[in-house]
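The whole structure should be built from the sequences, with the hints applied where relevant.
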Amino acid sequence: MSANDTAITVSELSKTYRLNVAGAPVNRITDAVINKARHPLRRTRYEYFDAIKDVSFDVPWGEALGIVGRNGAGKSTLLKLLTRITSPTKGSIDLGGRVGSLLEVGTGFHPELTGRENVYLNGALLGMSRKEIRRRFDDIVEFSGVSKFLDTQVKRYSSGMYVRLAFSVAAHLETEILAIDEVLAVGDAEFQAKSLAKMRDVAKDGRTVLYVSHQIQTVTALCTSAIYLDKGRLVYHGSVDGALETYRSSFEKFQIEQSDPTKRSGTGQLRLAGVQVLEPQQAPADEKLIELELPASSHLVGDYFVSCHINDINGSTIVQCDSRAVGAWFSPDRAHRPVLRIDNLWLKPGTYTVDAFVCQAGILDSWEGAAVFEVLPSSPYPELTSEEALSAGIVLSDFHYEVS
Amino acid sequence: MSRTIITPPRGVGLPPWRELWEAREVLWRFGSRDIVLRYRQTAIGVAWVILQPLVSAGIFSIIFGSVAKLPSGGVPYFIFSFAGLLGWNLVNGIVGRSSGSLVANQALVSKVFFPRLLIPLATMLSVLLDFAVAFVLLVILLVVFHINPGWPLLLLPVWMSLAILLAMGVGIAAASLMVKYRDVAYVLPWLMQILLYATPIAYSLSAVPANLLWLFTLNPLTWLMEAFRWSLIGLAAPPLWEIGALVLASVAVFLGGVLVFQKMERTFADVI
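Here the protein sequences come in this chain order: A and B. The opening position of the first sequence corresponds to residue 1 in the working numbering, with each subsequent residue numbered one higher. The opening position of the second sequence corresponds to residue 1 in the working numbering, with each subsequent residue numbered one higher.
Heads up, a few of these hints could be off.
Unchecked claim - Coverage of chain B stretches by chain A, computed from C-beta distances (three or more under 8 Å per stretch; other residues unrestricted):
1. 109–119
2. 143–154
3. 194–207
4. 261–270
Stated by the list, open to error - Restricting the straight-line Cα-Cα distance to at most 35 Å, the calculated cross-link-like pairs of lysine-lysine (DSBU-like) are:
5. A:Lys231 <-> B:Lys263
6. B:Lys111 <-> A:Lys53
7. B:Lys180 <-> A:Lys53
8. B:Lys180 <-> A:Lys90
9. A:Lys204 <-> A:Lys348
10. A:Lys90 <-> A:Lys253
11. A:Lys198 <-> A:Lys155
FYI, nobody ran anything at the bench for these hints, they're computed from the structure. Using N, Cα and C, we set each Cβ at its ideal position, and we do this for glycine too.
What follows is the structure, encoded as structure tokens:
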């Protein structure tokens with residue numbers, strides 16, 4: 001092997017999507033013809049959106065590369081380009097071997113087919129030859145643990161069995177490069193650990209793993225290096241810790257801007273001096289304590305109120321805690337240090353931001369991203385369940401079934 | 001180890017045949033999936049394959065043979081229309097099943113990479129199975145009615161191949177256009193319905209009025225039907241020019257379809 005024998009070399013890769021500006025996209029022939037007839041000379045105007053912009057990097061053999069970034073940063077597009085699902089607009093990708101993809105478990109599984117038939121179908125789709133599948137068949141079945149139901153149609157499988165079988169097929173791919181999109185987020189805890197170990201073995205064999213995830217902890221557990229994408233550009237390529245650092249600090253950039261009171265909106269008659277989440281890392285069911293620092297103000301007459309919003313990572317507000325609603329008003333004559341205490345709000349694991357507002361008749365101070373806290377990935381429920389028992393919904397809650 | 005270099009697509013070229021060949025397992029798996037799915041959870045299962053051509057040929061022979069009293073070249077009308085339908089079903093089946101195949105498998109197209117041309121190509125396997133069953137039925141009928149088509153029967157694989165090329169070309173082009181324009185799904189069955197009556201399938205070319213004959217002889221499917229009936233039930237051979245034109249048309253339509261597919265394919269994952 002020569003020194004420049006990399007598993008993947010990406011150079012100046014760009015992917016531009018073309019969005020129609022004028023009205024809805026044309027997807028009827030009649031519309032296309034009518035448009036052309038009405039405006040024979042006008043070229044359709046498009047808006048261009050760079051999902052990936054001038055990205056270059058090398059991945060050596062035997063490396064597990066994590067691809068991290070915020071929603072819409074281009075992670076999945078990059079993986080789609082690397083796995084040839086979609087073609088680039090500019091630049092090139094040089095792959096040192098076959099690429100197998102584990103994009104979304106179960107794609108290519110047909111509910112009407114039996115487990116056995118699906119293993120063969122899915123294996124073929126993922127690029128295995130019949131000989132390869134036959135050779136690995138027993139391993140696949142054993143790893144999945146559904147051998148008893150191999151000749152049952154998968155529509156009769158529980159979702160856990162379905163996912164386990166699908167993952168097993170993909171995990172036994174013998175391609176030189178393996179691309180994984182979020183699939184480790186499936187199955188129960190035990191199967192997840194088993195899958196993660198399997199993926200680590202793949203990298204140990206000298207093959208190369210590409211891994212996209214929003215779950216930072218699995219990136220840390222699996223990857224040996226990482227790249228960080230921001231708005232389609234490659235911002236960082238190096239160690240996993242470095243990438244996660246970049247991830248966090250970019251998140252903080254906006255926050256730092258906001259911490260300068262002169263850059264915040266609001267009349268400024270009274271500005272918050274500080275907002276702290278007393279427990280920046282917490283379990284889903286923990287009570288949330290947020291302390292506000294409110295200085296005294298001579299520019300203000302009459303009591304004012306505050307409001308805190310808790311937003312999820314995508315910026316949607318989960319809860320608004322307006323002090324008016326609970327009858328808390330503050331006098332501007334002296335400083336206050338109120339602590340907002342939220343009981344019984346069970347948040348899903350993830351990062352949350354706190355926006356704090358000071359208001360009277362209008363908004364005095366609006367501090368977006370005033371504080372950040374992380375809800376750790378643990379389940380507050382007494383039983384271990386598979387991921388899909390928790391995946392729907394925005395929050396968790398303290399519920400139980402009264403069985404009669 | 002061979003390296004793969006991915007660059008932005010330029011121009012329209014022929015598909016990478018080597019890659020298609022390497023992924024032939026997909027073709028086979030898709031084909032067998034279609035066959036298995038069609039008859040799983042059906043009460044009489046494979047009997048449908050036998051029933052369908054018999055009933056349609058029966059209806060056709062009642063309408064065209066008994067009601068309209070059209071000529072059938074001296075062969076029992078049922079056999080005549082059965083042979084015609086055998087060829088027609090091959091073409092119609094391939095066009096119908098392949099044209100919808102990409103949209104039906106959109107989850108795969110947008111999530112896994114494999115040579116996508118295999119999706120429409122694979123649909124021909126289940127159509128060929130239907131063909132084989134109907135062919136066996138026809139052989140039985142020929143024996144029962146003492147009809148011997150003679151050596152032209154040996155040419156049947158040639159006509160089949162041409163029918164497949166012709167139908168596949170249309171099907172592949174339609175499938176790739178349907179990814180972007182779903183209108184194709186509505187227009188195509190209607191066109192095929194018109195073709196079924198515009199082609200001498202259940203009636204013979206000799207029943208066509210002389211002043212319209214040129215229109216019928218321009219239809220490549222007419223040539224194909226003539227060739228099928230020559231090989232299957234021993235009717236007169238089509239003129240040589242028709243055979244030559246059929247070969248040219250089939251190959252041209254197939255290549256044309258593949259080129260349309262190649263052009264449309266780059267944006268499949270983005271628009272499907």
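To see whether the hints hold, each was checked on the structure:
Coverage of the stretch 109–119 of chain B by chain A holds [criterion: at least 3 residues with CB-CB distance below 8 Å; count 5]. Residue count for the stretch 143–154 of chain B with a Cβ under 8 Å from a Cβ of chain A: 0. That is fewer than the three needed, and the coverage hint is violated. Only residues whose beta carbon comes within less than 8 Å of a beta carbon in chain A count, and the stretch 194–207 of chain B has 0; fewer than three means the coverage is violated. Residue count for the stretch 261–270 of chain B with a Cβ under 8 Å from a Cβ of chain A: 3. That meets the three needed, and the coverage hint holds.
Between Lys231 of chain A and Lys263 of chain B the CA atoms are separated by roughly 29 Å; this keeps the pair inside 35 Å, and the hint holds. In summary, the hint linking Lys111 of chain B to Lys53 of chain A is supported, as the alpha carbons are separated by about 22 Å, within the 35 Å threshold. Under the criterion of a C-alpha separation no larger than 35 Å, the hint pairing Lys180 of chain B with Lys53 of chain A is consistent with the structure, at around 26 Å. A threshold of 35 Å between alpha carbons decides the hint, and for Lys180 of chain B with Lys90 of chain A the separation of about 23 Å falls inside it, so the pair holds.
With a C-alpha separation of about 33 Å, the suggested pairing of Lys204 of chain A with Lys348 of chain A holds against the 35 Å cut-off. Between the alpha carbons of Lys90 of chain A and Lys253 of chain A the distance comes to roughly 30 Å, so the proposed pair stays at or under 35 Å and holds. The hinted pair formed by Lys198 of chain A and Lys155 of chain A meets the criterion: a straight-line CA distance of about 26 Å does not exceed 35 Å.
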